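S.K.: Letter by letter, the chains look like this.
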Amino acid sequence: MDLVLSKRDIEEMYKCISENLVREGADCVLLIDRAANLIVNCGNPMTLDVVSLAALSAANFGATAEIARIIGEEEFSLLFHKGRHENIHFTSVGENYILITLFGKDVSLGLIRLKVEKTIKKLQEILQRVES
Amino acid sequence: MAFIDFSKREIQCKIVYYGPGRGGKTTNLLYIHKAMTENVRGKMVSIDTKGDRTLFFDFLPLSLGSIHNMSIKIQLYTVPGQVMYNASRKLVLKGVDGVVFVADSLRVRRANNLESLANLEENLRGENLDMTRIPLVLQYNKRDLADGEIPLMTVEELDEDLNSQLHVPSFPGSAIKGTGVFETLREISKITVKQVHEKLLKR
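Chains as they are written, first to last, in the working numbering: chain A, 2 to 133; chain B, 1484 to 1686.
Chain B with its partners taken away, still in its complex shape (with noise of 0.2 Å):
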């Protein structure tokens, strides 16, 4: 749920960062935090992480800009990717406006990214939203293991799997490198509050 604040002249929208567990949302949102300075982004929180899983989320603020006048707030969510945490990813897309979803370009990874997806729809729909009209977009992460010995997925292989249907933005990425990182950002931040001013602004 996008928020306008008339009396700041704000505009606060919500992202969320979906995809199979190990799959690089939380490396995404850290090197997003490291990159930024503090005057465009808040403090990044993260809640019950034990080990390397995400257990709840992931939280960072961000301040885009602005467009028309309004100042544009962003706030990046991560979920848990693991199938067994499924209430905790619906409480985190409540009220979202754009979802980047982060799928695993390891071979062995590909039934995980395809559940994830089929879970995203679910759950978007559990929220009233059609995954085909939300902003989307897919980051095929890990693509720097492309030269290890490790079979990956081609980038081709996972558009006809993933996106064959939705035609949403891709991007090839390294979280762990920040390749993509930003292009996937910028795209996602884009269409989402190009959405929300279409939306809210015109009506």
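Isolated chain A (complex conformation) (with noise of 0.2 Å):
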């Protein structure tokens, strides 16, 4: 399956990003698909490599899928890494898109688990009417 988003849909995607996250004090957030391209970038992610954290998300996704697969679990539809001073939460949107969220310790893990949900609700509309 091929996407082909126009200027419209992706400032809709990064307003909706924006509003929802960022504003509640994630760092960064991008919204990739399963083949690791980069659809939406938001906050501030000027220090980081975009792409290769793109690739490597969709790969450690795709391989924590096939975890879940061999315990007998479909996906596990949200993973989280917890670091020193920076974390990291993936969830899954659909079948065919991941969203990345980095924050940093002064943000709770409830708030953002509250917020991506909310986000994920709207780009889910947003993407199955570009893909239809």
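To spell it out: a stretch of chain B is covered by chain A in this simulated footprint if at least three of its residues, at any positions, have a beta carbon under 8 Å from a beta carbon of chain A; those stretches are:
| hint | stretch |
| --- | --- |
| 1 | 1516-1529 |
| 2 | 1539-1550 |
| 3 | 1572-1581 |
FYI, nobody ran anything at the bench for these hints, they're computed from the structure. Please read all numbers here as calculations on a predicted model, not as lab measurements. Backbone N, C-alpha and C define an ideal beta-carbon position, used for all residues, glycine too.
Given two chains presented individually in distinct reference frames, assemble the corresponding complex, making use of the accompanying hints.
M.R.: Structure (structure tokens):
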């Protein structure tokens, strides 16, 4: 499946991520597809190698899905890595996309999860419209 | 899965280097990485490599100029060649737009080439892709050993083995010396971008 996004689609997704997650304290949010294409890049990723981050995240998500299948789960829909200063949260958006949220130690995981859920609903609407 | 972003005027495609273990897939990427300037290539990422085998994948992003005012971004991946790592290979093939099959010219590796090509066909089918339709280029690697004492298959034999039904572009190469590496990359980029362009922009 291929994806073609107009400027309007991208702006709409950027606005949704920015309002729901970056404004609430996430440092950087990426929307990628399962093939690791970077679709939206929001927040403050200036110092990050986002292209490598996208490739490794897609692989990580895929590898974890295989682990899930081995233990009889279809997929782990959520992944979270905790660092000393920075945390990273991965969630699947439908079957084809992954939302990656980076946030610092001052932001609570609960808040991020809540906001991620809201963001995903809206992103799914936009992506379904684009795909159809 | 190619991705076109009209806000950045950018086309992103994924090209995967496939082939039997120790055939030279990673060496191809390393040569490209070494030979290209920093403004064209991104950072090469290799993960989980113990010894000289790729256990998961290598990754190298490239910017290859523009067509019709759209800039072309290509992401090169390699897969682990060893038979047992098929789950990783399937993961890397997800969303692929073009494939380079790096065949090993060593005569003792003949069966490995055939097995790997059959495995590629099967894994592509799993992604609902047809090997006869997807952009595909063959590279017959390790031709630099032709002068040595190790028996190699001839290019004609390799063509007969691997390309008699596919009829895709093929290049003799030596990834370690760089021979044929850019010819292969140029051809696969050209046909992949052409197909993506035809498929997406003209619909």
